[in-house]
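J.: So the sequences go chain by chain: D and X. Residue numbers for the first sequence follow the numbering used here, beginning at 1 and rising by one. Residue numbers for the second sequence follow the numbering used here, beginning at 1001 and rising by one.
Among the clues, some could well be false.
Which bits of chain X does chain D cover? Going by a derived footprint, with three or more residues having C-beta under 8 Å, they are [claimed, not checked]: (1) 1006-1018; (2) 1359-1370.
Here are the simulated DSBU-like cross-link-like pairs (lysine-lysine), alpha carbons at most 30 Å apart as the crow flies [unchecked claim]: (3) X:Lys1136 <-> D:Lys31; (4) D:Lys31 <-> X:Lys1430; (5) D:Lys81 <-> X:Lys1370; (6) X:Lys1370 <-> D:Lys31; (7) X:Lys1370 <-> D:Lys111; (8) D:Lys147 <-> X:Lys1035; (9) D:Lys31 <-> X:Lys1184; (10) X:Lys1370 <-> X:Lys1427; (11) D:Lys109 <-> X:Lys1098; (12) X:Lys1430 <-> D:Lys111; (13) X:Lys1070 <-> X:Lys1004; (14) D:Lys147 <-> X:Lys1370; (15) X:Lys1295 <-> D:Lys81; (16) D:Lys109 <-> X:Lys1430; (17) D:Lys31 <-> X:Lys1004.
Sample of chain D residues lacking proximity to chain X, with all beta carbon distances greater than 10 Å (derived) [said to hold, decoys possible]: (18) Arg29; (19) Glu59; (20) Glu89; (21) Glu116; (22) Gly117.
Think of the hints as simulated: they come from the structure by calculation, not from any bench. Don't be surprised by glycine CBs; every beta carbon is placed ideally from N, CA and C.
So you can see what is in the structure, the chains are spelled out below.
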Amino acid sequence: MAETINEVKFSDAAMAEIQRYISHYPEGRQKSAILPILHIAQAEFGGWVSPEAMDRVAEILNIQPIEVYEVATFYTMFNLKPVGKHVLEVCRTGPCCLRGADQVIDMLKQKLNIEEGGTTADGMFTLKPVECLASCGTGPMLQVREKYYENLDTEERVDQFLEMMRNSEVETPFHQRPEAKELN
Amino acid sequence: MGLKILTEHINVPGIEKLEVYRKHGGYRSVEKALKTMTPEEVVEEVKTAGLRGRGGAGFPAGMKWSFLAKPEGVPRYLVCNADESEPGTFKDRYFMEKTPHSLIEGMITSSYALGANTSFIYIRGELMFILRILEKAIAEAYAAGLLGKNILGSGYDLDLHVAPGGGAYICGEETALLESLEGKRGNPRNKPPFPAVKGLFASPTVVNNVETISSVPWIVNNTGAEYANVGIGRSTGTKLISASGNINNPGVYEIELGVPVEEFIYSDEYCGGIWKGKELKAVVPGGSSVPILPKDLILKTAAGEQRLMSYESLSDGGFVSGSMLGSGAFIVFDEDQCIVRNTWNYSRFYHHESCGQCSPCREGTGWMEKVLHRIEYGHGHPQDIDLLVSVAKQIEGNTICPLGDAAAWPVAAAIRHFREEFEWHIKHPKEATAPGAVYRGQLATVTA
């Protein structure tokens, strides 16, 4: 176990960001920073949080690993299994459906040949329908990391979007993540 | 064009920058409050304004502020609820993205009124890009002496931080939000004690919505009495409305409360009418949890009076024939939309978002989703409609937080106003499940 923990190493930039979040809370309340740190971990380590990453977060916050697990499993943004290079978080809630979100999800399933929650064979895309993303005026829409892609109301727009994603590199706020070879 | 209290300068190029924001009168309320008013005077102005919580509940903000306990030597906190997750609501995201300093100014002035020296903006995790916009603006405010120690030489200190959530609708409920902000699962707390007595880190805390807090600077600059002159009756001021669904102009609109619903739907100044020349079928006027109303009841009350965009008018008739202004999420359905499918969609949402703490909500939302799913997909039983009504009734009022009510209301209302449509699905499963099939009143027709 200790060996795997050692493999989980945050970049210096990410560590600085983690320390900044911890500093926002009063003495003895460092656990409050757990959500921002899990976001940082997910961005750093290939779009998901592994048990080893969670253990490392517990170590940084000086809390029990279970306190990290129970939080990471409660909040749906944290992927607890490996994901594709681009996770397509498509809004599936009412207002977007009034403007065609169901059709967009069906299109993506068909074009990528995957089910909801699945990852394409080449490791490029994971399809993750999610609940309302507060972008109801510009639906159907989806999110990939920190970006919203809106008004995907025609097949042409969906095709354009996929083409663009196929040719785009993953950017994280902390460092340029290397190709996710282990997933290919 | 009505008065714009929140969005007057929202389309000014560069308004997200401190320099431009100040050039347009930004941060005047901080100067005025910190240098010429006592905290109590600011609270009084907000009370006089009649400003009501803009997150959905509509509770008077000034009264909420005056409940804040002030024991000696204990820190107090102001927490901004930017966890905007109610389906149909996107006003806060739009507002923070365009004019982050408006919220920061509101946070400073409001924190001063409450005597808080550390304040937080809790923003839903999906909006990480907005968090970065806010953090950039906060850094500018620190550099300009508007945050930190001895703000503008007034002797008042304030630190302001932004904290992201992790994707959980329940964290919009204020005690779940506080749990989440403390780094825990978002399980709502039992009340009492209320956050005003024991909130964040067990200290007295006020939690207010983005729009509520952002309305405070105008009130401080122009007086509460002036604010109370805007709007209608007890619905004072302006409100951001998130308009979505089958309309020509979806988007965020700042309206003076009291605009007629009909004007809001059909005027080119607002929604611009129903898209593709279709007919209006129904509206959910205040976010997915409030009752849906059919065309005749959204345009006019049961008594035949014109329905207005205000807290009182939208709730006229109670849940028998009325609804709620809620968060101001105005979701419009055209004639081709299926109410059963839509209700199932929302029940799936609430099932997905139930924190699981209370049995009626954890189990009941799942039951409702399952039953609605089978009706929608042509496997409904004749007794299913009554079963849904019964489950909804047993969730409502029997849970720690209002998520249970929020899950029960849309189901109960859809059945109340569109019972025939549910019956048609159950009696004619083949027709109802045909592609593009929609129930159109007494004469069931199928259109491709």
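J.: Indicate, hint by hint, whether the structure satisfies it.
T.: A quick look at each hint next to the structure:
With a threshold of 8 Å between beta carbons, the proposed coverage of the stretch 1006-1018 of chain X by chain D is violated, since 0 of its residues qualify and at least three are required. By the rule of at least three residues with a Cβ nearer than 8 Å to a Cβ of chain D, the coverage given for the stretch 1359-1370 of chain X is violated, with 0 such residues. For the given pair, Lys1136 (chain X) sits about 24 Å from Lys31 (chain D) by alpha-carbon distance, which is consistent with the 30 Å threshold. Distance hint between Lys31 (chain D) and Lys1430 (chain X) is unfulfilled; the C-alpha atoms sit about 54 Å from each other, more than 30 Å.
Pair hint Lys81 (chain D) plus Lys1370 (chain X) holds up; C-alpha atoms about 27 Å apart against a cutoff of 30 Å. Proximity of Lys1370 (chain X) to Lys31 (chain D) is assessed by CA-CA distance (about 38 Å); at most 30 Å being required, the pair is judged violated. Of the pairs offered as hints, the one joining Lys1370 (chain X) and Lys111 (chain D) holds, with about 29 Å between alpha carbons and a cut-off of 30 Å not exceeded. For the hint linking Lys147 (chain D) to Lys1035 (chain X), the alpha-carbon distance of about 41 Å lies beyond 30 Å, and the restraint is violated.
A threshold of 30 Å between alpha carbons decides the hint, and for Lys31 (chain D) with Lys1184 (chain X) the separation of about 8 Å falls inside it, so the pair holds. Between Lys1370 (chain X) and Lys1427 (chain X), the direct Cα distance comes to roughly 18 Å. Compliance with the 30 Å bound is thereby established for this hinted pair. Between the alpha carbons of Lys109 (chain D) and Lys1098 (chain X) the distance comes to roughly 34 Å, so the proposed pair goes past 30 Å and is violated. Using a Cα cut-off of 30 Å, the hinted pair Lys1430 (chain X) and Lys111 (chain D) holds, with the two alpha carbons roughly 29 Å apart.
The suggested pairing of Lys1070 (chain X) with Lys1004 (chain X) is violated, with an alpha-carbon distance near 35 Å, which exceeds 30 Å. With a C-alpha separation of about 33 Å, the suggested pairing of Lys147 (chain D) with Lys1370 (chain X) is violated against the 30 Å cut-off. Pair hint Lys1295 (chain X) plus Lys81 (chain D) does not hold up; C-alpha atoms about 46 Å apart against a cutoff of 30 Å. A threshold of 30 Å between alpha carbons decides the hint, and for Lys109 (chain D) with Lys1430 (chain X) the separation of about 25 Å falls inside it, so the pair holds.
A C-alpha spacing of about 41 Å is found between Lys31 (chain D) and Lys1004 (chain X), which places the hinted pair above 30 Å, so the restraint is violated. Its beta-carbon lying about 6 Å from the closest one in chain X, Arg29 (chain D) breaks the requirement of being farther than 10 Å from that chain. Distance check for Glu59 (chain D) against chain X: the nearest CB is about 15 Å away, which clears 10 Å, and the non-interface claim stands. Here Glu89 (chain D) does not stay apart from chain X, with its beta-carbon only about 8 Å from theirs, under the 10 Å limit.
Under the 10 Å C-beta cut-off, the non-interface status given to Glu116 (chain D) relative to chain X holds; the minimum distance is some 12 Å. With a least beta-carbon separation of about 13 Å from chain X, Gly117 (chain D) lies farther than 10 Å from that chain, consistent with its non-interface assignment.
Of the numbered hints listed earlier, those contradicted by the structure are 1, 2, 4, 6, 8, 11, 13, 14, 15, 17, 18 and 20.
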